[in-house]
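These protein sequences, in sequence, are chains R and L.
FYI, in my numbering the residues of the first sequence are 176 to 304.
FYI, in my numbering the residues of the second sequence are -3 to 128.
Just so you know, the hints here were simulated from the structure itself, not pulled from any lab data.
Careful, some of the hints might be misleading.
[Said to hold, decoys possible] Label-pair restraints from in silico Cβ distances:
no.	chain 1	residue 1	chain 2	residue 2	range
1	R	K180	L	M32	41 to 51 Å
2	R	A179	L	A108	42 to 52 Å
3	L	I97	R	W243	31 to 41 Å
4	L	V27	R	M282	15 to 25 Å
5	L	M32	R	W243	25 to 35 Å
6	L	R3	R	P195	34 to 44 Å
7	R	S187	L	F59	46 to 56 Å
Beta carbons: idealized from backbone N, C-alpha and C, even for Gly.
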Amino acid sequence: MAEAKPVERPLSPHLQIYRPQMTSMSSILTRITGNGIIVGVLLLVWWLLAAVTSPGYFNFVNAIATSWFGDLVFTLSLLGVWYHYLAGIRHLIWDSAKMMDIKTAEMLGWICLIGSVVLTALTLIIIHL
Amino acid sequence: MRYLTDRKRAVGKGASGTGTEHHWWMSASAVALAFMIPTWLYIVGTTLGLPQQAVIETFSQPFPAILTALVVIVGMRHFAKGTEIWIEDYARGTTGKALKIAMHSLAYVIMATALYALGKMVFIGLLLGANG
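So here's chain R without its partners, still in its complex pose (with noise of 0.2 Å):
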């Protein structure tokens, strides 16, 4: 019968020993842009909010959401999404224990950063055409 004796174990170093790899930054990425993109879903839902309130309040919330920072705001959530959407792909992959060794996790890595850009930038083609 197993017995539930409590066990000294060292405590595992911190990130910040650690050299910055391939693998370790796109994982701190995916939870940098899914916290993120929470700015762009508020302006966002704060413009829905505006539009069933007033045309006067619709024109001020709507005068920020398609102004400079508005682009910004939007755009950098856009790259957000579609970087997470990926690298939440990457995850699904690696639970059913495929793709995990070095190599391979590490080519993932790129296709989640490069493939984000990609996408942010076929999005913007697509919805301005």
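Here the structure of chain R is known, so what remains is to put chain L in place on it, guided by the hints.
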């Protein structure tokens, strides 16, 4: 001698306290979002910048309204449960609990606001349809 099986003594003792439930839920909602996000980005992207009435008309149609509601509900739950991961890494005790409550609250406020706006758009759309 304790009359507990090894399994029963182990359940709930892991770092999460809830086994793989959180991880499985994040994977399942990720798949749902992966199917919805591309189409939703197109709808939002082509509607941003339009006049107020065109915005209301777009989101009062069944497909954009239902898709946006689904993206907001699933997306905000995915966001709230996702923030738990970094909170558990960087904060402990009361601070950690307070941060989790704050993030879940923010997500629910955004969700309710978006659903209110969508509902009102559908309603205005009905009125516009009745007049036109």
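Status of each hint after checking the structure:
1. K180(R) x M32(L): 41 to 51 Å: holds (48 Å)
2. A179(R) x A108(L): 42 to 52 Å: holds (44 Å)
3. I97(L) x W243(R): 31 to 41 Å: holds (35 Å)
4. V27(L) x M282(R): 15 to 25 Å: holds (23 Å)
5. M32(L) x W243(R): 25 to 35 Å: Once the Cβ atoms are compared, 29 Å apart, the range 25 to 35 Å for W243(R) and M32(L) holds.
6. R3(L) x P195(R): 34 to 44 Å: holds (41 Å)
7. S187(R) x F59(L): 46 to 56 Å: holds (49 Å)
No hint from the list above goes unmet by this structure.
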